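Participant: Chains as they are written, first to last, in my numbering: chain A, 28 to 278; chain B, 28 to 278; chain C, 28 to 278; chain D, 28 to 278.
Treat the hints as calculated values from the structure; they're not laboratory data.
Note that this is a predicted model, so its numbers are computed, not measured.
Hints may contain errors.
[To be verified] Computed Cβ-Cβ distance ranges for the label pairs, DEER-style:
no.	chain 1	residue 1	chain 2	residue 2	range
1	D	Arg111	C	Glu196	45 to 51 Å
2	B	His53	D	Pro50	53 to 59 Å
3	B	Glu200	D	Glu105	57 to 63 Å
4	C	Arg87	D	Arg28	31 to 37 Å
5	B	Glu200	A	Thr119	47 to 53 Å
6	D	Thr119	B	Arg267	39 to 45 Å
7	C	Glu196	B	Arg88	41 to 47 Å
8	A	Tyr269	B	Arg111	27 to 33 Å
9	B	Glu200	D	Val171	50 to 56 Å
10	C	His53	A	His239	46 to 52 Å
Cβ coordinates follow ideal geometry from the N, Cα and C atoms, glycine included.
Protein chains: 4
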Amino acid sequence: RDPLVIAGHGFGSRLIMGTGGAPSLHILEEALTASGTEMTTVAMRRVSTQTEGSVWDVLRRNGIRPLPNTAGCFTATEALRTARLAREALGTEWVKLEVVADERTLLPDPVELLDAAEHLVDDGFIVLPYTNDDPVLARRLEQVGCAAVMPLGSPIGSGLGIRNPHNIELIVEQAGVPVILDAGIGTASEAALAMELGCDAVLLASAVTRAHEPVLMASAMRDAVTAGRGARLAGRIPVRRYAEASSPAPE
Amino acid sequence: RDPLVIAGHGFGSRLIMGTGGAPSLHILEEALTASGTEMTTVAMRRVSTQTEGSVWDVLRRNGIRPLPNTAGCFTATEALRTARLAREALGTEWVKLEVVADERTLLPDPVELLDAAEHLVDDGFIVLPYTNDDPVLARRLEQVGCAAVMPLGSPIGSGLGIRNPHNIELIVEQAGVPVILDAGIGTASEAALAMELGCDAVLLASAVTRAHEPVLMASAMRDAVTAGRGARLAGRIPVRRYAEASSPAPE
Amino acid sequence: RDPLVIAGHGFGSRLIMGTGGAPSLHILEEALTASGTEMTTVAMRRVSTQTEGSVWDVLRRNGIRPLPNTAGCFTATEALRTARLAREALGTEWVKLEVVADERTLLPDPVELLDAAEHLVDDGFIVLPYTNDDPVLARRLEQVGCAAVMPLGSPIGSGLGIRNPHNIELIVEQAGVPVILDAGIGTASEAALAMELGCDAVLLASAVTRAHEPVLMASAMRDAVTAGRGARLAGRIPVRRYAEASSPAPE
Amino acid sequence: RDPLVIAGHGFGSRLIMGTGGAPSLHILEEALTASGTEMTTVAMRRVSTQTEGSVWDVLRRNGIRPLPNTAGCFTATEALRTARLAREALGTEWVKLEVVADERTLLPDPVELLDAAEHLVDDGFIVLPYTNDDPVLARRLEQVGCAAVMPLGSPIGSGLGIRNPHNIELIVEQAGVPVILDAGIGTASEAALAMELGCDAVLLASAVTRAHEPVLMASAMRDAVTAGRGARLAGRIPVRRYAEASSPAPE
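Isolated chain A, as found in the complex:
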């Protein structure tokens, strides 16, 4: 009744998962199930569709849409090649576009990213770009035809949460496509906050796969995203400097 719609496709869950970092395939499957996710990213440069078919099996038997990503690409050229290989291998036009600038921060390279996004859109892809939290770059990515924008909260795997909520709000205010908070989430309250800021969905991996108990954390993230979405729609109380007593109870 409140579906997330990306490129005309509706999703019942607003939590998108990644697969990296899980201690075992078995735990990954349990965690994905507990999370309620309907779409999960898989790194094309890290997983062969032939020899490591089992990740695909997990997604297939749980009815989870695979979202190939271009993790590990440092240039537009590499990203284009990876995306095309993914399309051929998996038969999907959807791609999570990652073009990072260096290994240490894994921050997106704005110039290469925008260039790659433009080429992939022209080539018929449904492009979901991982970007920094710059509202200008987010707008540019939408203008070249991306199906969503996926700003980071903080560096990939850092667990630092949402470093600049103000920028996320600016991105949400101007966006005509879904905004998906991608990267940096470390715990449930941060996923809820992303939704309260107006994001349409949250994408995370390490926060679940590397938690001490991944399956329990997956369940917590599912609830947190639902909670944050509900709170956004419910309209929170304003902030006051001073106290306000509860009025008498209704009769």
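Following the hints, put chains B, C and D in place on chain A, whose structure we already have.
Facilitator: Only chains B, C and D this time, still in chain A's reference frame:
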């Protein structure tokens, strides 16, 4: 399987609600139901057990335990009198003890509060004191025999969230009784954060009753508390200054 | 021209220093001089006025007023005894009153503190109490006759800065005596912030004495307090969600 | 003894001022003097060097180096033209490069900015680009030959301070040219914080020119920058979760 236990009594829900501020009794009932709460505070100085019996009816027919509170009391003497009236009228030894210092901040008066707590415990009450976030006062309240400690996140009704998470953590570390975050919560992510900091439960009223859509917010708060509790138990990833790529997916 | 006035005594500097933690008496003297301070606390339970007279020498030859403190006292009784010994030994009615609850947090015990303050005031002391950031306790301390209130920013020596700026603002708004931010300051910007929140002065020790270069840090703290005071008086610009271009330069 | 060096030129002050927003030329002059600044930006598109010569007079008679900026430019082409006009009119190769994306946020356009920077460097300019807080873009700007990088703390004129200190730290860690915090500073403690994070200088205008008392705020900013620089060099104490008592004073 993960009950909240206060004074030997187990609760399946870790969300305690208040009744003040609801636009109507009908919406209050729907919100309480959506929240999944099993215990709800009612201000004894504001609600007559005779003439405004309907609040009690709502709690009774939904199987929600009433927790009378001493809201509106400024001295230990007033609080003692109110607590005793509540016990007589409702037949419960449980009391949420509020002794505030002034109307503007509604902050607890530490001296009067501790004095009242001691007397009520001696008088056989199960005392749940609303306190500030001072770890020393929290410890003193436990030492005089309170069944829980209920530190504020920020002033009542302010929606400022948890102003000093460090103090809440200090209180949790030392507590031998349940710690219930009481007051200040404005939105779902803050309720989740309270649980992640180690609180055993969350008590809130205005955040739900005064939200634009109270019933939806009640549901969001239920999920947020569940999410925060799960994240606490699941063991979150550590915070890193730099990025960490997801490792190759498992085979 | 903008003196700090405590109990009718004017100070040109709004930075009060402590002596603990300095690597040597020589560096302490240089740091005190660089800080520009006119009043410095000395722990009476740690320094004998006879055998360790040299600290007093440093203060005397630099014209710095000594402010004996009751550090290390855990009860009102101990604090009263220590204060009286200090008065006898040093010939001053001024005392920084510390009554802490435990070694780990060194947080003030609100009940013992208030009790000690009341007795010392009755006994003719000029009492400057180290307190937590509870606005109610601060008001009570003023009501029993303290000459200033000295709320913490965070635990002594923690360097956590000001954990709850909102509480400091509430204390400032209501205070009729000087508010001195005491404890928790780790770096210069936090000292400036204390003044911007409306504090009348800042008291710190470890941030200077334990810095890698104490003398340089003392100078930085002097400038920070001046800067924060100036910014408070100058009236800062309001916060805006969006940008505002500079208008054309005046002709 | 601790000069700021940009493109081989040494400055005694680490505070760079802007001229926009001052209530009068007289107050501007007093504020610039109080700030101790040695370099001041002037918007070339807003000030004619002929008719509004008086701003230039102020700078000239106070020995303040003018830094023409390209405020109001939305494309690389516009910025190049403006920079060349400034060079011709003022006889300086130095330029503060601003290429913004829209009026509402005044955020830099990363693509146009990088393009303009590259062209201006090739054309012999000393380029100081106003950029967002993206470490990748900052590195790119340095790589194309900029003489400094000037990341924002938050949008121009917003007074929101430094929204993402983590990004500023990442920029500082990697930079081989001076990092100048530009935009967003609202009060003195924020200027001090910028320096503590490792910035080499601070650039601000509205925080001074639009303050209630610009001259006093200018003085506060001068002290804040000095304080923050000193604290950075002095090496602050580490942050601790718990308290640490001051050790006995040295004998």
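Participant: Go through the numbered hints given earlier and state which of them the structure violates, listing their numbers in rising order.
Facilitator: none
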